[in-house]
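Protein chains in written order, with our numbering: chain A, 1 to 476; chain B, 1 to 431.
What the hints contain is simulated information worked out from the structure, not anything from laboratory work. Do not rely on the hints blindly, as some may be mistaken.
What the hints assert, rightly or not - The calculated label-pair distances, taken between Cβ atoms and stated as ranges, are:
1) A:L29 with B:Q271: 56 to 64 Å
2) B:Q271 with A:V6: 33 to 41 Å
3) A:Q35 with B:V240: 41 to 49 Å
Think of the CB as a built atom: it goes at the ideal place given N, C-alpha and C, for glycine as much as any other residue.
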Amino acid sequence: MNGPIVRVFGVVLVLFSLLVVFTTRWTVLERDELQDNPQNKRALIAQQKIDRGAISAADGTTLARSVRRSDGTYTRRYPQQGLFAHAVGYSYLNPGTAGLERFYNGPLTGRGEGLRQTLRRLQGERPQGDDLRTALDPAAQQVALDGLAGRTGAVAALDPRTGRIKVMASVPGYDPNVLRSASATARLNTAPGSPLFNRTTQAGYPPGSTFKVVTAIAAIDSGTFEPGSTVDGSNGAEISGVPLNNVGNVDYGPVDLTFALTKSVNTAWARVGEEVGAPTMQRYMDRLGFNRPVQVDLPESERRPSGSFCKGRFVRATNPCVDVGRMAIGQDKLQVTPLQMAMVASAVANRGRLMRPYLATRAIDPDGRVTVDNQPSEFSEVMSASSARKVTEMMTRVVGEGTGTAAALQGIEVAGKSGTAERDVQANITQPWFIAFAPASSPRVAVAVTIERTVGGFGGTDAAPIAAAVMESLLR
Amino acid sequence: MSARNRELLALVPATLLITAGFAAVFVQERELVADASLTYGAIFLGLCLAAHLVIRWRLPDADPYLFPLVAVLASVGLVMIYRLDDTLAREQAQWFVIGLLLFVATLVVLRDYRVLERYRYLIAAGSLLLLLLPRVPGIGAQVNGAYLGVEVGPVAFQPAEFAKIGIIIFLASYLRDTRSLLVSRKIAGITVPRLKHLGPLLVVWGLAMVMLVFIRDLGSSLMFFGGFLAMLYVATDRLVFPLAGLTLFAAGAWFFASTVGHVQDRIQAWQTPFDPDLYDRIGGSYQLAQSLFAQADGGLWGQGFGQALVRLGDTPFLPAAQTDLIYAVIVNELGLIGACAVLLVYVLVVERGFRIAVLARDSFSKLLATGLTTVVALQVFVIVGGVTKVIPLTGVTLPFVSYGGSSIVANFVIVALLLLISDRARREARA
Numbered sequence: 001m002n003g004p005i006v007r008v009f010g011v012v013l014v015l016f017s018l019l020v021v022f023t024t025r026w027t028v029l030e031r032d033e034l035q036d037n038p039q040n041k042r043a044l045i046a047q048q049k050i051d052r053g054a055i056s057a058a059d060g061t062t063l064a065r066s067v068r069r070s071d072g073t074y075t076r077r078y079p080q081q082g083l084f085a086h087a088v089g090y091s092y093l094n095p096g097t098a099g100l101e102r103f104y105n106g107p108l109t110g111r112g113e114g115l116r117q118t119l120r121r122l123q124g125e126r127p128q129g130d131d132l133r134t135a136l137d138p139a140a141q142q143v144a145l146d147g148l149a150g151r152t153g154a155v156a157a158l159d160p161r162t163g164r165i166k167v168m169a170s171v172p173g174y175d176p177n178v179l180r181s182a183s184a185t186a187r188l189n190t191a192p193g194s195p196l197f198n199r200t201t202q203a204g205y206p207p208g209s210t211f212k213v214v215t216a217i218a219a220i221d222s223g224t225f226e227p228g229s230t231v232d233g234s235n236g237a238e239i240s241g242v243p244l245n246n247v248g249n250v251d252y253g254p255v256d257l258t259f260a261l262t263k264s265v266n267t268a269w270a271r272v273g274e275e276v277g278a279p280t281m282q283r284y285m286d287r288l289g290f291n292r293p294v295q296v297d298l299p300e301s302e303r304r305p306s307g308s309f310c311k312g313r314f315v316r317a318t319n320p321c322v323d324v325g326r327m328a329i330g331q332d333k334l335q336v337t338p339l340q341m342a343m344v345a346s347a348v349a350n351r352g353r354l355m356r357p358y359l360a361t362r363a364i365d366p367d368g369r370v371t372v373d374n375q376p377s378e379f380s381e382v383m384s385a386s387s388a389r390k391v392t393e394m395m396t397r398v399v400g401e402g403t404g405t406a407a408a409l410q411g412i413e414v415a416g417k418s419g420t421a422e423r424d425v426q427a428n429i430t431q432p433w434f435i436a437f438a439p440a441s442s443p444r445v446a447v448a449v450t451i452e453r454t455v456g457g458f459g460g461t462d463a464a465p466i467a468a469a470v471m472e473s474l475l476r
Numbered sequence: 001m002s003a004r005n006r007e008l009l010a011l012v013p014a015t016l017l018i019t020a021g022f023a024a025v026f027v028q029e030r031e032l033v034a035d036a037s038l039t040y041g042a043i044f045l046g047l048c049l050a051a052h053l054v055i056r057w058r059l060p061d062a063d064p065y066l067f068p069l070v071a072v073l074a075s076v077g078l079v080m081i082y083r084l085d086d087t088l089a090r091e092q093a094q095w096f097v098i099g100l101l102l103f104v105a106t107l108v109v110l111r112d113y114r115v116l117e118r119y120r121y122l123i124a125a126g127s128l129l130l131l132l133l134p135r136v137p138g139i140g141a142q143v144n145g146a147y148l149g150v151e152v153g154p155v156a157f158q159p160a161e162f163a164k165i166g167i168i169i170f171l172a173s174y175l176r177d178t179r180s181l182l183v184s185r186k187i188a189g190i191t192v193p194r195l196k197h198l199g200p201l202l203v204v205w206g207l208a209m210v211m212l213v214f215i216r217d218l219g220s221s222l223m224f225f226g227g228f229l230a231m232l233y234v235a236t237d238r239l240v241f242p243l244a245g246l247t248l249f250a251a252g253a254w255f256f257a258s259t260v261g262h263v264q265d266r267i268q269a270w271q272t273p274f275d276p277d278l279y280d281r282i283g284g285s286y287q288l289a290q291s292l293f294a295q296a297d298g299g300l301w302g303q304g305f306g307q308a309l310v311r312l313g314d315t316p317f318l319p320a321a322q323t324d325l326i327y328a329v330i331v332n333e334l335g336l337i338g339a340c341a342v343l344l345v346y347v348l349v350v351e352r353g354f355r356i357a358v359l360a361r362d363s364f365s366k367l368l369a370t371g372l373t374t375v376v377a378l379q380v381f382v383i384v385g386g387v388t389k390v391i392p393l394t395g396v397t398l399p400f401v402s403y404g405g406s407s408i409v410a411n412f413v414i415v416a417l418l419l420l421i422s423d424r425a426r427r428e429a430r431a
């Protein structure tokens, strides 16, 4: 009888090895599939048990914090309501995460890889996330929102020396606290004006004449033009075989480049663009960050490229479908994000060196150790310091005596450029723009402002005052 | 070193395990190293020592490793249950004590276990009665579609856990008598027993099928029938019997799977656990899907003692985590490595069981040891296999680990019987 007993044991061993094989399958071989299964809510639920770190503004104002519920889980509160909704984003079980909450989910949930984090877990401490500090300025943000006054639009302001973003305003906004409720989330998703949409980084707008700053940078730094070079500012110039008119059909005749920027002469700048040429234009656009998702520490899905948009995709200036002359004055197929235009101003302001824009300065764990340390970094060397000085000089004239006088500040020299994109010529619907930096001699702030739709508004009259107010708030 | 001294020494790792386990859970839940873990470890050691002394007194020659291995499993169970719910753990600890008492009682009362043979028909009838008890109106209780529990006033128990012991005692005795008759007739070289000898076996098959339908529990029925086939094979040494039995069982199972709604649902939930329809249905595949998610969460090394996500606030996350899904919790917290270690302990237990069967001198003892061991092994396979999607998930307990008084008490009686057989076999071998 012993033979069969041993064989029965053999069968048991086979059955048990099946158990090991299947346990291996779920724990190792098919682990990722199971964890990615949408029915598997473990990761999301586990995060509700974490005391997520707080997010604060530059002055220490709390923008997001966690509160403990009676059942031991945590939920998110946004004490400043909608003030920084688009930059900070949200973190709830149902809609998920967005903005900084999403981009810095790792540090905020204390999911650091370091030995100390692991040791802390071994010691059984409750997971506590790291606090996130940003450079955001609540006072200036409020000024920007007050300036937009409910009009759909966006304001982005940053420190050109570091790339730290101070203002990121997008209207309409929303109160992230309401996203706790599923029905409110659904309402916001379909609300008119798409309030969840971050217009500073996700909207693609025609930049209008503000783009002439890009053309000026390319023209001067490439050595093709000097601020004093003469160009033809005649009305009705043929650009790509089609006559182009100046605003108000003014025939300026021969003008120099500085005058052409001060008065925003379309025909002159279109010629400059054609003469500089598409490859050079594109080279400078690349240096400024065009044709790739705008540089900022926000999730990929919340960042959009700027550039010429043709047949459903972004193309380079050298593409046959781009009319480089009209592109040079901000028309044609250009679509830009407000943050990208703030970067253009910032590059000029920082003596040609474009700093990479970022929101969060650092993350600090509960023991006070810095776990994320975002130092200023150069995105590119756009132009020489002397070219930057020349462009600054031209932009100072715009605010001093040209189309941007409304951006002037008492006792502070401002450099800027207005823009007015035509949205609907028949109905006289325009999109005003203003990009600027100050003080012109040693800039500490660069800003871009746009209002999506106005009836007959101009950049110099509608957007420039907002830019001025934001800069003033940040400089004083 | 004598067998008993080896047993004594082997209890040390089990005690260390429970002490360390409780310490880990304490640290996790209370953020402090409580000396209570030492207290619990000491109490556990004390209880095991008491049982050990009884073994030393009554069964000096019994297998030295079986009891310590079982103690290891029990300590893993206590720690895991404590981690899930400390009230349940206290109850389980009480059941552990009662289990040990019954274990000791069995050792003392049944020194000569062969007297059981005298009452085999009584035992068989009693076991059948026990099995059908859950269907008796008023005291029977349906859990997840299966009729496994009985509730009489404050006492609730699962009669199948005890019935399995009785049926195996009966079969061991019955097969000892008929094994030669079963293989006596050959037709064309194949063993074909006479119908009158085969009859009782068909009755057992019928019984398994009835269990499938009346108690609606595929797991228990597989366990009983598998144990029976193993004993039949050991008794006759003819492969044709278990093969024919398996075929019959498969045919029956297939028939019921395609006709009985409850069985059908279970099989569908098993095959496609992530089907949204089945996932959301009450009694659907949610439990299995969650079990698999929990295991994926554990990975190779696990989340650590007390770290697994088992409830959200006050709502349990894994259904029946302390009974059916305890293996999923083990995988979640201790990972593949820890789960394999637990399975290895079971393999060692089963190995000791079969070794006892091999060493036993008489047919009844061999068959009894084989049957008891096989049933324990199959019970592990049925529940772990169900939790890991090898077979449809049915609610049986993981022996010595799952929460459940009937289970732990019945399994301690099985261990007592195995030790009794072992003691006699080794004593006779020495003499």
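Unsatisfied constraints (hint numbers, rising) | 1
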